[in-house]
Every structure is written in C-alpha cells, then in structure tokens.
Amino acid sequence: MADDALALELRGITKKFPGVVANDRIDFDLRRGEVHALLGENGAGKSTLMNVLYGLYHPDEGEIRIGGELVSMGSPKDAIAHGIGMVHQHFMLIPVMTVAENIVLGTEPRREGAILDLGAAEKRVRELSVRYGLAVDPRARIRNISVGRQQRVEILKALYRDAEILILDEPTAVLTPQEATELFKVLRSLADEGMSIIFISHKLNEVLSIADRITVLRRGKKIETLPTKDATEAGLAKLMVGREVLLRVDKTAADPGATMLRIDDLVVADDRGLAAVRGVSLEVRAGEIVGIAGVDGNGQTELIDAITGLRRPASGRIEIAGRDLTSADARQVLDEGLGHIPEDRQARGLVLEFTLAENLALEDYRRPPDSRWGWLFPARLIARARRLLREFDVRGGGPSARAAALSGGNQQKVVIAREVGRDPRVLVAAQPTRGLDVGAIEYVHKRLIAVRDEGKAVLLISLELDEILSLSDRILVLYEGGIVGEYGPETPEEELGVAMTGGGRKVAAA
Amino acid sequence: MLATPPAPPEGEGPGETVASRFAFYQRAGGVLTPLVTTVFAFFIGGLVVLLITHKNPISTYKAIFNGTGLNWFFPWISHADRINAAFNLQSTLLLTTPLILTGLAVAFAFRAGLFNIGGQGQYAAGSIVGVWVASSLTGMSGFPHIVLAILLGSLAGAGLAGIAGFLRATVGAHEVITTIMLNWIVFWLAGWLFGQQGPLQTSRERSLTQSNDIAPNTHLHVWWGNPILQGLHVGFFIAVAMLVVYWIVLNRTTLGYEIRAVGYNPEAAGYAGIDVRRAYFLAMAISGGFAGLAGVIDVLGWKFVLSVDDVQGQAGAGAVGFLGIAVALLGRNSAVGIFFAALLFGALLNGTSDRHLDPAVFPPTLAENLTLLIQGLVLLFIGADILVIYLWRARRRVVPRKLARTSST
Chain V
4 MADDALALEL RGITKKFPGV VANDRIDFDL RRGEVHALLG ENGAGKSTLM NVLYGLYHPD
64 EGEIRIGGEL VSMGSPKDAI AHGIGMVHQH FMLIPVMTVA ENIVLGTEPR REGAILDLGA
124 AEKRVRELSV RYGLAVDPRA RIRNISVGRQ QRVEILKALY RDAEILILDE PTAVLTPQEA
184 TELFKVLRSL ADEGMSIIFI SHKLNEVLSI ADRITVLRRG KKIETLPTKD ATEAGLAKLM
244 VGREVLLRVD KTAADPGATM LRIDDLVVAD DRGLAAVRGV SLEVRAGEIV GIAGVDGNGQ
304 TELIDAITGL RRPASGRIEI AGRDLTSADA RQVLDEGLGH IPEDRQARGL VLEFTLAENL
364 ALEDYRRPPD SRWGWLFPAR LIARARRLLR EFDVRGGGPS ARAAALSGGN QQKVVIAREV
424 GRDPRVLVAA QPTRGLDVGA IEYVHKRLIA VRDEGKAVLL ISLELDEILS LSDRILVLYE
484 GGIVGEYGPE TPEEELGVAM TGGGRKVAAA
Chain R
8 MLATPPAPPE GEGPGETVAS RFAFYQRAGG VLTPLVTTVF AFFIGGLVVL LITHKNPIST
68 YKAIFNGTGL NWFFPWISHA DRINAAFNLQ STLLLTTPLI LTGLAVAFAF RAGLFNIGGQ
128 GQYAAGSIVG VWVASSLTGM SGFPHIVLAI LLGSLAGAGL AGIAGFLRAT VGAHEVITTI
188 MLNWIVFWLA GWLFGQQGPL QTSRERSLTQ SNDIAPNTHL HVWWGNPILQ GLHVGFFIAV
248 AMLVVYWIVL NRTTLGYEIR AVGYNPEAAG YAGIDVRRAY FLAMAISGGF AGLAGVIDVL
308 GWKFVLSVDD VQGQAGAGAV GFLGIAVALL GRNSAVGIFF AALLFGALLN GTSDRHLDPA
368 VFPPTLAENL TLLIQGLVLL FIGADILVIY LWRARRRVVP RKLARTSST
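As they're listed, the protein sequences go chains V and R.
With our numbering, the residue at position 270 of the first sequence is 273, and numbering never jumps.
With our numbering, the residue at position 268 of the second sequence is 275, and numbering never jumps.
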C-alpha cells in the first residue's frame with residue numbers, strides 16, 4: 004500500500020466543529036519534491052486540514068501516513084518530529100530577537116550543557132541560508148527586517164528542524180509582488196532539492212504559477228486533484244466556487260464629471276514625525292475610479308488617514324466637493340460626504356461585539372431618525388439594518404446578530420452597506436478585498452463599479468495590482484510618499500511594477 | 008453572490024480590548040459561572056472555618072445568614088425572629104446601597120474599556136463635599152438642601168474621576184495609576200480639612216478630628232424601621248433608580264452607544280467619527296459620579312458626620328469603594344447582576360459582623376476577616392473562571408487562539 008514516491012498521505016480526514024463539518028472525508032497526497040497547492044475559498048477547510056496534519060486539531064476520522072507509515076499527530080511536536088514544518092500566515096517570531104535566535108528557539112545549540120552557543124547557531128543558519136538560497140543576516144533583529152525576510156526566517160526555522168514537508172499557509176498574503184516572485188523561486192529550488200511543499204492559497208494565478216498539482220476544496224469537501232498543466236484560471240474558479248465566476252469585472256468606460264476630491268501638494272507625517280506623504284496632488288472626479296498602486300508602506304496609510312480626517316496634514320490642502328476639509332476631523336469629513344472603507348475591517352471598520360444594526364449606525368447614530376436629543380431608538384436602527392442587509396445581500400445573521408459571528412466577506416459587506424448606504428460623494432476604498440475569497444471579491448468589485456456608475460468619485464487604494472488594473476479608470480503610482488506617474492487602465496502590469504519600485508518616470512499627476 | 012458555506016466566524020475568540028474580552032467571557036459563562044463562583048467561595052470559606060475553629064461550618068453559615076436578615080423573607084419564622092430579622096435586613100440593605108453605586112461606578116468605566124480603581128477616593132470626595140454642604144448653609148430648608156448636597160457630592164466624585172479621564176484622554180496616562188494616586192490625595196485632603204486646626208474641623212470640640220454634624224433636616228428619611236436604631240433610608244431607592252439609569256444611559260442614549268463602541272473597539276469608533284477622548288473623559292466622570300453619590304448618601308443616610316479616621320481608615324480592601332470592583336466583576340457589569348452582587352457583599356459585611364456570631368465559637372477577628380476572605384475568594388474565582396473558560400475553550404479547539412484566529416479557514 005505504501006507508495007514510495009509519496010511523502011504524505013491523508014485518507015478520509017473528517018473534522019467536525021459544532022454546526023460545521025470543516026473537513027468531510029478528505030483524501031490528499033503529496034509526492035516527494037512536488038509543490039502541491041491546496042486551493043479553496045475562505046472557509047473551505049484548507050487550514051483545518053493543515054492544522055489536522057500539523058497536530059493542532061485531532062481529526063474525528065481518517066488516517067495520516069508519512070513515508071507510508073501510519074502516524075498519529077498528538078501535537079505540533081509530533082508533526083515536527085515527523086519532519087513537517089509549517090509557515091503560518093502570521094509569523095510566530097519574536098521581534099526583539101535576532102534571526103538566529105528566532106530560528107534556534109526551542110532547540111538551541113548548547114555548550115557544556117547549559118550555555119547557549121549563539122556562534123554555532125549563527126553558523127548553522129548561515130549554512131542553511133546559503134544551501135537553499137535564502138539570504139538573511141543571522142544577526143539582524145526581526146523587527147528591523149522586511150516582511151519578506153521574516154517569511155524566509157520562518158522557512159529557515161522549519162528547515163533548521165529538518166523539515167521534509169513544508170506547509171505554507173497563504174504565504175503571499177503579506178508580500179509585495181516582487182517578494183512573492185522571489186518566494187516562488189525559493190520554493191521551486193527547495194522542491195528541486197527534494198522538499199515536498201504544500202501551498203495553501205485562494206489566489207488562482209499564484210497557484211497556477213507555482214504548483215505541480217492542485218487540489219481544490221469546497222465547503223469541507225475535496226472537489227478534485229488535477230495537474231497544473233490541465234488547469235485554467237476559469238476552470239479552477241468554477242471548481243472553487245461551484246459556478247461560473249467573472250474574474251474580470253465588466254465595466255463601461257468612465258464618464259467623469261465635476262471634481263469631487265481634490266488634493267493639493269499634501270504633506271503628511273507618520274507616527275514618528277517623518278514625512279510619509281510628500282507633496283501629493285491628485286483629483287478624483289464624479290463617476291470615475293482612481294486607483295493608487297504602490298508597495299505597502301509608501302505612504303498609503305498616512306494619505307488615507309489625512310483624507311479621512313484621522314491625521315492632520317503638515318501642509319497642503321484637501322477639498323471635497325469644493326469645500327476645504329484640510330483640518331477637519333473624522334466626523335466633519337464623513338458628514339461632508341466621504342465614505343470610507345477602511346483597510347482592516349475587523350480593527351477599524353467594525354465593532355465586532357456590536358450587533359449588525361449597531362454597526363450600521365456607527366456614523367449616523369447621533370442624528371434623526373436614529374436618535375433625537377441624545378435618545379437612541381434601537382427599533383429604528385434595526386429597521387434600517389434590515390433594509391440595508393437585504394439590499395447588500397449580507398448573510399449569516401440578522402440585524403441583532405453580532406458582527407463577529409459573520410464571515411469575512413459578509414463583514415465587509417456590512418462595512419460597504421454602511422458607507423455606500425450613506426450616499427457619499429466620495430468613496431475611499433482601502434484594500435477593500437483583502438482576505439476575501441473569489442466570490443466575495445467579485446461582489447465587492449461589482450459594487451464599486453456600481454458606485455462609480457451612480458456618479459460618485461471613488462479612490463481605490465490597493466496593494467493588489469490585479470485589483471487596481473481591473474477597477475481603475477486612471478492609475479496613480481505612489482512611491483516613497485509621492486505620485487511618480489499616472490497610467491491608463493490598459494498599462495501592462497510589468498510597467499506598473501517598475502514604477503512601484505521607483506523605476507518610473509516622474510509625471511505630474513492630473 | 009455565492010451561497011457561502013457556514014464558515015467558522017472570523018471574530019471568534021476573545022477580543023482585543025478589556026470590554027470586548029469581558030463580553031466574550033460573559034457570553035461564554037452566562038449567569039451560571041458567577042453563581043458557581045460564589046457557592047465555591049463560600050465552600051472554601053467554610054473549610055477555613057472548620058480548620059480554625061474545628062466547629063461545624065454549617066452552624067456558622069446559619070448564624071451569618073440569620074445575621075444578614077435575609078430570613079425575613081421566610082414565611083415560617085416567629086414574630087420575635089421577624090422583628091430581629093427586619094432590623095438585620097435593614098442593616099444589610101444600608102450596606103447594599105453604597106455598594107450598588109460603587110459597583111455601578113466600576114462597571115460604567117468598564118464599559119468604556121477603562122478600569123476605575125479609584126472608587127474609594129471618589130466615594131470619599133462625595134462624602135466630604137456632602138458633609139460640608141449639609142453641615143453648612145443651615146438656613147436652607149430640608150429638601151433643596153439635600154438635593155444640593157447630593158448634586159455637589161456627586162459632582163465632586165465626577166470631577167475627581169474626570170481628572171483621571173482627562174489625563175487618559177489627553178496624555179494617555181493610565182487610569183489605574185491616576186485613580187489610585189487621586190485616592191491618596193483625597194484621603195490626605197480629608198486629614199487636613201477635618202484635622203487639628205483644619206478649615207472644616209468641628210467647632211463643637213477642638214480635640215475631635217472630624218467635621219461638623221450635618222443639619223438635622225438633611226438626614227435622609229427612614230422609611231423602614233426605627234430612625235434611632237438606623238432603619239433603612241430612602242437612599243436605597245436612589246441606588247436602585249441608578250441601576251435603571253445605568254441601563255438606560257448605556258442602551259438608550261447616544262452617549263451610551265459611544266461609550267460602548269469605544270469600550271469594544273476605540274479604533275473603529277474613531278474611524279466612524281466618534282470622539283474617543285471625549286468618551287473616555289465622560290465615562291470616567293459619570294463613573295466617578297456614581298461613587299460620589301454613594302459617598303453623599305452614606306453621609307446623609309447614616310453617618311451624619313465625617314471624621315479623618317472615617318476617610319483614611321477606609322483605604323483598605325474592605326471599604327465600599329474597593330468592594331465596588333468585586334461587585335462589578337461578580338455582577339458582570341449588568342444592572343441586575345450588580346444589584347445581586349451588591350446584596351451579596353452587603354449581606355456578607357453585615358452577617359459576619361461580630362454581633363451575630365457567638366464569640367465563644369467564633370473569634371471576632373476571624374468574623375471580621377471572613378468577609379474579606381470570601382470577597383478575596385470570589386475575586387480569585389472570577390479571575391479563575393475566566394481562566395477556566397479560556398482553558399476549556401482552548402483545549403476543545405486544541406489550537407491556541409492566535410493560530411485559530413489567523414488561519415484562513
């Protein structure tokens with residue numbers, strides 16, 4: 004029964020949670036030296052399956068074989084002992100410690116039984132990083148290195164523990180396109196060295212470019228395992244979602260009207276007092292979507308904060324529909340007709356402990372009909388919520404359900420319902436589809452186009468170049484706090500990528 | 008939009024702020040855990056009694072229970088017992104009254120994500136201002152005089168806590184530190200005000216370090232029991248009314264909405280245009296107002312005079328301001344819960360006072376400390392039940408919370 008080429012075999016894995024079968028008799032196998040992608044929407048059961056494999060969950064049924072041998076995973080310790088390494092989506096690193104210290108943590112090399120031998124640790128880390136082409140400085144502190152580097156440290160951590168099977172959970176979610184490309188190179192060379200890799204993702208293009216085989220999960224069930232050469236984006240999307248999905252948003256040409264948002268020579272300081280936005284000027288007109296592309300940390304957050312009244316600009320001017328709102332606070336800006344979909348819906352967009360009705364009232368609670376003279380009318384909040392939830396197709400709970408109980412896609416719909424439901428003149432959408440699955444992304448994109456077609460000005464800030472390209476009527480590239488160029492929607496991705504990393508020509512923004 | 012599978016909710020697990028974490032445990036534990044907690048605390052307290060006195064703890068508990076006067080509700084007790092029970096119950100409710108208010112003070116701040124640990128100082132501030140107003144302006148007629156004393160006393164508490172709220176809102180000074188420091192300012196201020204040659208020292212007898220007596224017409228009306236033996240005054244109804252006010256402010260006003268939003272997620276509240284700093288300030292001020300009100304009511308209800316020892320002797324853990332923390336925790340910040348928790352602690356304080364326990368069986372020092380003991384155990388177990396629920400959930404899911412929250416499934 005043991006297949007020599009199989010590094011790992013999962014048979015009939017079933018894992019139930021109260022009310023949900025997260026994994027329903029899933030079979031999965033991994034050959035030596037292959038990259039096997041596990042594809043599925045949020046909630047499809049990918050992470051549950053991997054947590055079962057990594058010993059974090061105990062399966063209700065099913066068996067795990069490693070190298071043909073039946074094993075039982077009591078805890079991550081067992082998994083590590085069987086040569087399984089996992090790189091979580093959110094890193095498990097200690098920021099103040101060095102790369103080498105993080106890598107050896109828990110299995111530190113010792114001298115004379117008790118003394119930590121850092122020299123040996125650094126040497127070993129250096130060897131590994133040379134052997135697998137994962138360049139990192141063992142002495143650098145984690146907090147001082149980029150997210151891409153931190154991910155390498157996580158991979159090195161697994162290699163240091165002699166992992167032969169590497170699980171990567173949504174590894175590109177935190178990376179820039181460049182970093183993702185580098186990661187793929189590293190993964191390919193690891194696979195060539197004989198490492199077996201499980202790559203969890205819900206992004207089709209990634210899976211197609213890195214995997215040898217692809218297994219698609221949907222609602223806890225395995226749908227199909229197929230070689231990458233037989234797969235197409237559209238085909239995979241259909242397997243994932245269970246129906247045809249529009250990957251590219253249909254939209255007509257923009258018909259821009261009057262300028263709704265005007266920013267002039269804006270300078271904004273970050274939390275440390277350094278200029279993060281350096282002289283940005285831009286305009287967004289009614290009926291168009293302007294996309295701001297850029298690698299994370301080039302001033303996006305500060306720019307959004309300044310527009311939405313959460314951060315006072317050092318200089319420059321911000322106008323909404325002709326009114327100067329440079330030094331207005333968040334409430335004034337919202338009342339002047341700005342809608343804001345924040346980049347982190349759980350931290351900034353929603354009060355998770357509040358009901359949906361309360362969340363939908365978060366900006367309007369203090370005026371009629373929600374309240375009068377400081378007196379709140381909960382029944383009216385609920386009535387409005389009922390209407391908005393229906394209009395924006397929010398599922399998973401009624402007006403009295405807590406926001407925390409909803410899936411990510413539905414949480415985002417609640418935020419959109421609130422912001423769009425206020426009928427804003429300008430909508431600022433920051434990373435509106437981050438962490439959402441294909442179906443939910445399709446919905447959000449359609450909504451944004453609809454908002455544009457209603458004649459509102461939309462400013463889209465996203466790290467996803469695909470998203471920028473498919474939604475924007477004009478694209479501005481933000482690099483080191485300045486706009487380095489304006490591009491049309493048909494611009495090739497490579498050209499934008501170059502501009503995003505500082506190689507673009509300097510063009511005065513419209 | 009596709010029919011999304013019933014995905015495990017993203018926000019599962021305890022939240023990031025104190026208030027949201029608390030709400031999580033409240034849902035997880037319901038009303039059962041505080042009850043079990045209390046019973047367990049009494050059980051351990053009983054073991055201690057057994058160990059120290061080698062007497063049956065049941066009889067001690069019976070003595071405590073009868074001392075609380077709660078047996079007044081039993082239809083079968085004799086007429087003579089009922090008179091005694093009524094008197095005991097009045098004493099219990101006298102102690103319950105300020106505990107409701109100091110419990111509300113802690114709970115209200117808690118809903119904004121703040122920990123007002125200075126209830127004792129705010130209570131003292133309310134007492135001081137209350138005794139000052141009620142003992143001066145003797146020309147005023149009773150009712151407006153009482154109202155004025157209550158208003159100014161509550162304001163004193165509000166102002167004191169408001170300082171902490173203001174500091175938190177403007178420079179980010181943590182309210183736990185500032186409220187404790189403000190406590191001591193008030194305690195020593197009382198020492199100066201009512202001490203030798205102090206500006207508010209009694210004019211009756213210069214060797215006494217206390218205030219003047221409050222005007223007789225400012226005594227709160229006793230509606231149950233004998234005023235000479237200190238029956239129950241109308242302040243009890245004020246406290247109960249405040250429970251209703253607490254619920255209404257939080258659930259039916261825009262201010263309460265803001266405070267709850269800020270308590271659960273200050274960042275999202277700020278993004279939605281809510282003035283987080285204003286909410287911090289107001290939440291602390293209102294919180295202090297409740298504690299200040301407790302102070303005035305005690306002065307007008309049964310103390311009638313305030314001494315330096317009264318104020319400074321209350322710096323310990325058994326004082327009503329500090330007990331308010333236990334009341335709010337055990338009552339889980341809900342109006343109904345706070346009522347019963349205050350009643351429990353009021354009953355404990357009264358039931359374990361040494362006049363109810365046979366000194367031959369039970370040493371008076373132990374009696375006094377039994378309340379503290381049980382109070383401490385309740386707090387310990389509240390802390391522990393949060394821990395137990397946490398561990399239980401964590402065990403059931405095996406995976407630690409951080410992993411579960413961040414994984415994509």
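By construction, these hints were calculated from the structure, which means they are not laboratory data.
Be aware that one or more of the hints could be misleading.
Taking CB as the label site, the calculated pair distances span [stated by the list, open to error]:
no.: 1; chain 1: V; residue 1: R425; chain 2: R; residue 2: V252; range: 31 to 37 Å
no.: 2; chain 1: V; residue 1: A350; chain 2: R; residue 2: K62; range: 53 to 59 Å
no.: 3; chain 1: V; residue 1: Q335; chain 2: R; residue 2: S148; range: 45 to 51 Å
no.: 4; chain 1: V; residue 1: A84; chain 2: R; residue 2: L54; range: 50 to 56 Å
no.: 5; chain 1: R; residue 1: I51; chain 2: V; residue 2: A138; range: 45 to 51 Å
no.: 6; chain 1: V; residue 1: K126; chain 2: R; residue 2: L54; range: 54 to 60 Å
no.: 7; chain 1: R; residue 1: V247; chain 2: V; residue 2: R315; range: 29 to 35 Å
no.: 8; chain 1: V; residue 1: R375; chain 2: R; residue 2: K69; range: 53 to 59 Å
Example chain R residues on the side facing chain V (calculated, C-beta under 7 Å, incomplete) [claimed, not checked]:
no.: 9; residue: S85
no.: 10; residue: H86
no.: 11; residue: R259
no.: 12; residue: T261
no.: 13; residue: Y264
no.: 14; residue: A268
no.: 15; residue: Y271
no.: 16; residue: E274
no.: 17; residue: A275
no.: 18; residue: Y278
no.: 19; residue: A279
no.: 20; residue: G280
The beta-carbon is built from N, C-alpha and C at its ideal position, and this holds for glycine as well.
Where does the structure disagree with the numbered hints, that is, which hint numbers, in rising order? Hints 4, 5, 7, 9, 10 contradicted; others consistent.
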